[in-house]
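Note that the protein sequences, when read in sequence, are chains X and Y. For the first sequence, full-length UniProt numbering gives the first residue as 1, with consecutive numbering after it. For the second sequence, full-length UniProt numbering gives the first residue as 1, with consecutive numbering after it.
What the hints contain is simulated information worked out from the structure, not anything from laboratory work. Source: prediction; values computed, not measured. Keep in mind that the hints are not guaranteed to be accurate.
Under 8 Å between C-beta atoms, here's a sample of chain Y residues computed to sit facing chain X [what the hints assert, rightly or not]:
| no. | residue |
| --- | --- |
| 1 | V36 |
| 2 | Q39 |
| 3 | V40 |
| 4 | A44 |
| 5 | N59 |
| 6 | V382 |
Listed next, the in silico SDA-like pairs over lysine to any residue satisfying Cα-Cα at most 25 Å (straight line) [stated by the list, open to error]:
| no. | chain 1 | residue 1 | chain 2 | residue 2 |
| --- | --- | --- | --- | --- |
| 7 | Y | K128 | X | T129 |
| 8 | X | K128 | Y | P110 |
| 9 | X | K182 | X | D203 |
| 10 | X | K128 | Y | V40 |
| 11 | Y | K128 | X | D243 |
| 12 | Y | K167 | Y | E141 |
| 13 | Y | K182 | Y | S344 |
| 14 | Y | K182 | Y | A38 |
| 15 | Y | K128 | X | Y242 |
| 16 | Y | K128 | X | Q103 |
| 17 | Y | K167 | Y | V40 |
| 18 | Y | K167 | Y | P110 |
| 19 | Y | K31 | X | E348 |
| 20 | X | K31 | Y | S232 |
Every residue, glycine too, gets a C-beta built ideally from N, C-alpha and C.
2 protein chains.
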Amino acid sequence: MSIASEKISDASATSQDDLASYCQDVARRAKAASRVLAQVDGAAKNAWLARSAELLRNNGDAIAAANALDLEAAPDYGLTEAQVDRLRLTPDRIESIAVGLEQIASLADPIGQVIDSTVRPNGLRILKTRVPLGVVFFIYESRPNVTADAAAICTKAGNAVILRGGKEAAHSSRAIVELLQKAAQETGLPEDAVQLVSTTDRDAVGHFLHLPEQIDVAIPRGGEGLIRRVASEAQMPVIKHYDGNCHVYVDASADFDMACEIVVNSKCHRMGVCNAAESLLVHADVANEFLPVVASALLANEVELRGDPRTCELVPQAVAATDDDYGAEFLGPKISIKTVASTSEAIEHINQYGSHHTDAIVTKDLATAEQFANEVDSAAVVVNASTRFNDGGEFGLGAEIGISTDKFHARGPCGVEELTSYKYVVHGTGQIRG
Amino acid sequence: MSIASEKISDASATSQDDLASYCQDVARRAKAASRVLAQVDGAAKNAWLARSAELLRNNGDAIAAANALDLEAAPDYGLTEAQVDRLRLTPDRIESIAVGLEQIASLADPIGQVIDSTVRPNGLRILKTRVPLGVVFFIYESRPNVTADAAAICTKAGNAVILRGGKEAAHSSRAIVELLQKAAQETGLPEDAVQLVSTTDRDAVGHFLHLPEQIDVAIPRGGEGLIRRVASEAQMPVIKHYDGNCHVYVDASADFDMACEIVVNSKCHRMGVCNAAESLLVHADVANEFLPVVASALLANEVELRGDPRTCELVPQAVAATDDDYGAEFLGPKISIKTVASTSEAIEHINQYGSHHTDAIVTKDLATAEQFANEVDSAAVVVNASTRFNDGGEFGLGAEIGISTDKFHARGPCGVEELTSYKYVVHGTGQIRG
Numbered sequence: 001m002s003i004a005s006e007k008i009s010d011a012s013a014t015s016q017d018d019l020a021s022y023c024q025d026v027a028r029r030a031k032a033a034s035r036v037l038a039q040v041d042g043a044a045k046n047a048w049l050a051r052s053a054e055l056l057r058n059n060g061d062a063i064a065a066a067n068a069l070d071l072e073a074a075p076d077y078g079l080t081e082a083q084v085d086r087l088r089l090t091p092d093r094i095e096s097i098a099v100g101l102e103q104i105a106s107l108a109d110p111i112g113q114v115i116d117s118t119v120r121p122n123g124l125r126i127l128k129t130r131v132p133l134g135v136v137f138f139i140y141e142s143r144p145n146v147t148a149d150a151a152a153i154c155t156k157a158g159n160a161v162i163l164r165g166g167k168e169a170a171h172s173s174r175a176i177v178e179l180l181q182k183a184a185q186e187t188g189l190p191e192d193a194v195q196l197v198s199t200t201d202r203d204a205v206g207h208f209l210h211l212p213e214q215i216d217v218a219i220p221r222g223g224e225g226l227i228r229r230v231a232s233e234a235q236m237p238v239i240k241h242y243d244g245n246c247h248v249y250v251d252a253s254a255d256f257d258m259a260c261e262i263v264v265n266s267k268c269h270r271m272g273v274c275n276a277a278e279s280l281l282v283h284a285d286v287a288n289e290f291l292p293v294v295a296s297a298l299l300a301n302e303v304e305l306r307g308d309p310r311t312c313e314l315v316p317q318a319v320a321a322t323d324d325d326y327g328a329e330f331l332g333p334k335i336s337i338k339t340v341a342s343t344s345e346a347i348e349h350i351n352q353y354g355s356h357h358t359d360a361i362v363t364k365d366l367a368t369a370e371q372f373a374n375e376v377d378s379a380a381v382v383v384n385a386s387t388r389f390n391d392g393g394e395f396g397l398g399a400e401i402g403i404s405t406d407k408f409h410a411r412g413p414c415g416v417e418e419l420t421s422y423k424y425v426v427h428g429t430g431q432i433r434g
Numbered sequence: 001m002s003i004a005s006e007k008i009s010d011a012s013a014t015s016q017d018d019l020a021s022y023c024q025d026v027a028r029r030a031k032a033a034s035r036v037l038a039q040v041d042g043a044a045k046n047a048w049l050a051r052s053a054e055l056l057r058n059n060g061d062a063i064a065a066a067n068a069l070d071l072e073a074a075p076d077y078g079l080t081e082a083q084v085d086r087l088r089l090t091p092d093r094i095e096s097i098a099v100g101l102e103q104i105a106s107l108a109d110p111i112g113q114v115i116d117s118t119v120r121p122n123g124l125r126i127l128k129t130r131v132p133l134g135v136v137f138f139i140y141e142s143r144p145n146v147t148a149d150a151a152a153i154c155t156k157a158g159n160a161v162i163l164r165g166g167k168e169a170a171h172s173s174r175a176i177v178e179l180l181q182k183a184a185q186e187t188g189l190p191e192d193a194v195q196l197v198s199t200t201d202r203d204a205v206g207h208f209l210h211l212p213e214q215i216d217v218a219i220p221r222g223g224e225g226l227i228r229r230v231a232s233e234a235q236m237p238v239i240k241h242y243d244g245n246c247h248v249y250v251d252a253s254a255d256f257d258m259a260c261e262i263v264v265n266s267k268c269h270r271m272g273v274c275n276a277a278e279s280l281l282v283h284a285d286v287a288n289e290f291l292p293v294v295a296s297a298l299l300a301n302e303v304e305l306r307g308d309p310r311t312c313e314l315v316p317q318a319v320a321a322t323d324d325d326y327g328a329e330f331l332g333p334k335i336s337i338k339t340v341a342s343t344s345e346a347i348e349h350i351n352q353y354g355s356h357h358t359d360a361i362v363t364k365d366l367a368t369a370e371q372f373a374n375e376v377d378s379a380a381v382v383v384n385a386s387t388r389f390n391d392g393g394e395f396g397l398g399a400e401i402g403i404s405t406d407k408f409h410a411r412g413p414c415g416v417e418e419l420t421s422y423k424y425v426v427h428g429t430g431q432i433r434g
């Protein structure tokens, strides 16, 4: 429907001038669509989401056919088995994309919400009112379900979105976006509300990142290299989502059964995700008793242990940890372990080696819990629960476009509200300044 | 007290290597101070503010002596009379700086405030808790009172601040910062909570802007050139404060007396400020009746009128407006005027020519007021009051460090809360993900 998705062009065939003007055109259309979208009511956005879900369900075969083209090409891109698995769209996965859109439809409309208000002594009523950010440029890698999620979250928040997916999922993403655009046409949303970048030329990203007048925020989701590139080139704000080197600290007062369950769940529930634990800190006073127990639970899950000298002494299967191990996001069956003399030492270690993402403590002591919650400088600090809960869905945001490791604008899971701004609306009865 | 303010060095005497390492040292100290400051309670911050106010009052002579050095040097810097006036610190102005600090002390402490909370079906209690941003790098021009204001707002929000003031006010700013630092020492705040950059070398700004690990946000306040430079060089987020091309739109249903008062107040109350009106839009249906009235009120205030053909027809003193006039922030006794056929045309004109700062409507019609408030894309939209109210003090924020024309993180007046972030604190009883 929009020219942005008419064809998946060959990178080499596009001259830099053509590419620049293509990107400018996409961005200009997005900006125009965002102006319309900002005034669209919640019912229209929800009708679009519902119709999109319906079209995804009704067109499972077409999506599967497009997906087959991507799966066929996967070996050429050198995808690992796990990556191919993430790329695959089964009927169950298509159903779950559709359900995701319906869940986003069920969220309250954020636009127009009065976030704060004051009545001034002179009678002025000042309302701080939620508005969309404008245009979101979303750069992501090869999971095609992210295409629908991101489009839905951005649009629910009243933003137009420019989607730049990985080339590995190009056909699948295009099939999904065409259905979302068809739904937009049928339900009266602006046709450029959701655009998919049609070229896989890497330089396109650079062109978009230099259009701050049209694009209000860039959100890269993928490896650290991608995020660093976007952060350094972008002329507009960026919501960054760096790595998750998450910790579980087991305090001397911890319930050992609870601690063991939380460590194993944080590490093993899903190893390849950003909120999985990568490091275990144990209070020295309980190391003798607790470390062998937790170690055998981790070993039973085939997790490799890298410990400090004390750990290696207590757990024969552990190998010596390096400084790099303490800084690493393993995203796999490895964990670094360290004994600490105090909660303060644990906090210091986390603030130094961690990535300010998610860190948990297991403790029965109130003052210790408060100290940890106050002093650990992370997007989420968890007391007596798994690190795996730092997630938009688990936090009740309905959906998320990523987990920000920034402090500016958005921190932690970014849902619909994190994709909004505000304006002040001031109501007077003729007031002037004296 | 801190080496950062020990001497105002000569730019030419500093090699680039020395300068880089000086800037790194200042930033590192600020980061360390910010970690301490984040844990300081409100009483300590307020004690510092109160003692700072006291020291400013008790050391009026020393401040005046430092200020005299700046005033003496002013002709060398080619300052205009108005600029010299803004530079001057009279006893009244010193008193008002002290009162400003006391007002900031009287504000509620923002840190630790629970902004939002949810209890999840699994019993997890999720608290969204306000925390400081960290380190603020504040770059400003020649008004020395801004030195104290900015330091107070940043510190109240739990941030360390690196102040980079204009060379024209270097001695005055140094005198003020030395007193703030003395108060910090006496009241137990970290000594590097407030640092003044001691070199006037322009390259220092560039060095600081490349330290994103230490500095969490850069806030430039001054001319557009400064802000564009900072925005383009900074490797950390920037709160930008571009120009204010503010409008007053007088709808056909407006009360003419009210409209005339609001136009004159918006334009003439203080002409050199960002929330002064620069443009007047009048509904064509009432142009015949209203334009001559408002024109003579503006002319009585010696405001030059630049109008469209209809305005020039109705007001002989008006000269023809150019497109540039409609885009201009005059900051002086000039106003552009245009008649419009509808509220939609007024909104379109404002969104195209305005600067998304502050725009007002005068109307009696509810639907028109709502349309204007919804569709004008500005930080503040004012219904039936002067544009001059878009100000941190007037909005009840207590104080402001600037008025953001961005949509990201902070929009409109930036007070203490706009200098904060948040973290999620999750309380569980052993929950794990299934």
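Contradicted hints - numbers only
1, 3, 4, 5, 9, 10, 13, 17, 18
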